[in-house]
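*Asks:* Throw the hints in and build the complete structure from the sequences for me.
Listed here are the chains, written in short residue letters.
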Amino acid sequence: MSHPAVRPTSVSKPSADAAIGLPTVEVKGFHRRFGDVVVLQDLDLRIEQGEFVALLGRSGSGKTTLLRTLAGLDSAEGQSVRTPSARAVVFQEPRLLPWKSVWRNVTLGLAGGDPRARAEAALGEVGLDHRANVWPRTLSGGEAQRVALARALVREPRLLLLDEPFASLDALTRIRMHDLVLSLWRRHAPAVLIVTHDVDEAITLADRVLVLDGGRIAAEERIDLPRPREVGAGFQAIRRRLLGALGVEHAAPGEPRAAAPPPLVPFPVREVQA
Amino acid sequence: MTLVDAIRFPGTYSGVRWSRFGRRWVSPLLLLALWELGGRTGVIPARVLAAPSAVAATFWGMVASGELPSNLGVSFLRVAAGLAIGVAIGTALALTAGLSRLGEDAIDPPVQMLRTLPVLALSPLFIVWFGIDETPKIALIALAVTFPIYLNLFSGIRSVDPKLIEAARSFGVRGFDLIRQVILPGALPSFLLGLRFALAVAVLVLVVAEQINAQAGLGYLINNARDFLRTDIIVVCLVIYALLGLGADGLVRAIERRALAWRPSFLKA
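As you go down the protein sequences, you meet chains U and C in turn.
The C-terminal residue of the first sequence carries number 274 in our numbering, and the numbering is unbroken.
The C-terminal residue of the second sequence carries number 1269 in our numbering, and the numbering is unbroken.
It is worth saying that the hints were derived from the structure and are not from the lab.
Just so it is clear, the structure is predicted and the values come from calculations on it, not from any experiment.
Note that the Cβ used here is the ideal one computed from N, Cα and C, for glycine as well.
Heads up, some of the hints might be wrong.
Chain C side only, calculated, beta carbon under 10 Å to chain U, not exhaustive [to be verified]:
| no. | residue |
| --- | --- |
| 1 | R1040 |
| 2 | G1042 |
| 3 | P1045 |
| 4 | R1158 |
| 5 | D1161 |
| 6 | S1170 |
| 7 | F1171 |
| 8 | G1172 |
| 9 | R1174 |
Ranges between beta-carbon positions, derived for each pair [to be verified]:
| no. | chain 1 | residue 1 | chain 2 | residue 2 | range |
| --- | --- | --- | --- | --- | --- |
| 10 | C | S1155 | U | K28 | 27 to 35 Å |
| 11 | U | H130 | C | L1204 | 30 to 38 Å |
| 12 | C | S1100 | U | Q79 | 23 to 31 Å |
| 13 | C | G1175 | U | E156 | 20 to 28 Å |
| 14 | C | G1175 | U | D74 | 16 to 24 Å |
| 15 | U | A121 | C | A1084 | 54 to 62 Å |
*Replies:* Dropping the structure here:
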């Protein structure tokens, strides 16, 4: 965790933090409780500039709570949480205002400049500049989520927060969205935190995968596989370790579980998470 | 032909195909013809119910003499004034109660208590307070209109998806901008529904309010006609009341088509 992933960034904006190499996100000893339930406790998190981090965890493990704190949606008063002010969230649902056209949704809350041109540029990056004038309700699920991505990108965030953004998309659309997110990340070089419960998605996208359990980071896996990542031996080894950290025992193909007798019908192994 | 067949093959009767639209006109026209026949043969005397042809003739006569347009104008102004006042008050109350907890605690309890009163039962009190000229009539309409506007707009404001509000906040939309860009557009469908109820109730209250010692207006025409057993004039006025209600509904539909163009039901059209 001490050394950041080295990744050449084509676009990097000069800033004071960049000059002295401060991490984009720094959280120390964070705790959060709802009533008597402790959700997060004594949690440390560091995300380097331009780093792509995936956060895995079971439901109720506090993934979304942590993301909301980093997004500034939940108060972190009196705690050691450092985030850039230029940050943007893509939620699980697109959350577009249905009464504003697509391009006005993209520039929601932006002041100054030429909002229309900025919206069209951002929409162009997600391949939707031809849909700038339509109502959001006419978009498909994948298109709406791309608009949500454009709405986040147009703010040129230093921290992009993705809260299970592809969970409700079909498998094919999800693969396309993975490619899109990676290409946008390469071009704009924000630090990214994606919250997901999909282990394969985490391994496909991230420089570093964190497993949240018991209110803190319980496991960490650095992914050094070259992108684009195919499911191979290295991928499966990482997947097995992560699933183990999540408390799921999972047999690799052709490798029956040690304790159980081999099943008569080969157990279907997920190659692509559906 | 069984009932199931009728459901499965709408538009067919024993092999005969009718256009659905044309078929639905048959029974009303038949009733009208029977009514006319009853009038002509004297089965229905004119002092019970004037025949359609007599009603139509009376209508043209009243239009030509200017009697109908001038009285309709008076009634129309009453509804318009009552609506304007009621919609303004209802909107102001709903915004205050919808956008702040303090406003809700102050405004909602009395409004909820008052709305259980049948507005028309207040007319004696309104006559004592406001006399018998235009004021009590307009006040009754305004009061009746206030409640549907308040109730629908208030619930509309409160049922705006909190996830949309949160997302807008996360993109820096706050305060007045949040109200203008997110909360009010989100509450607009409920407001327009309330407006539709308001227009219907406004016409209803107009009918009763105009019976209060009116010197002009549709209600005055009806009262006069009653004294002279002129059922033809009464029917003309009833038809006008119906057209007023229909026109009001059409007005809100037109507003909805423009203001709610983003809704899926309008997107298909």
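*Asks:* Which of the listed hints are broken here?
*Replies:* Of the numbered hints, 1, 2, 3, 4, 10, 11, 15 do not hold.
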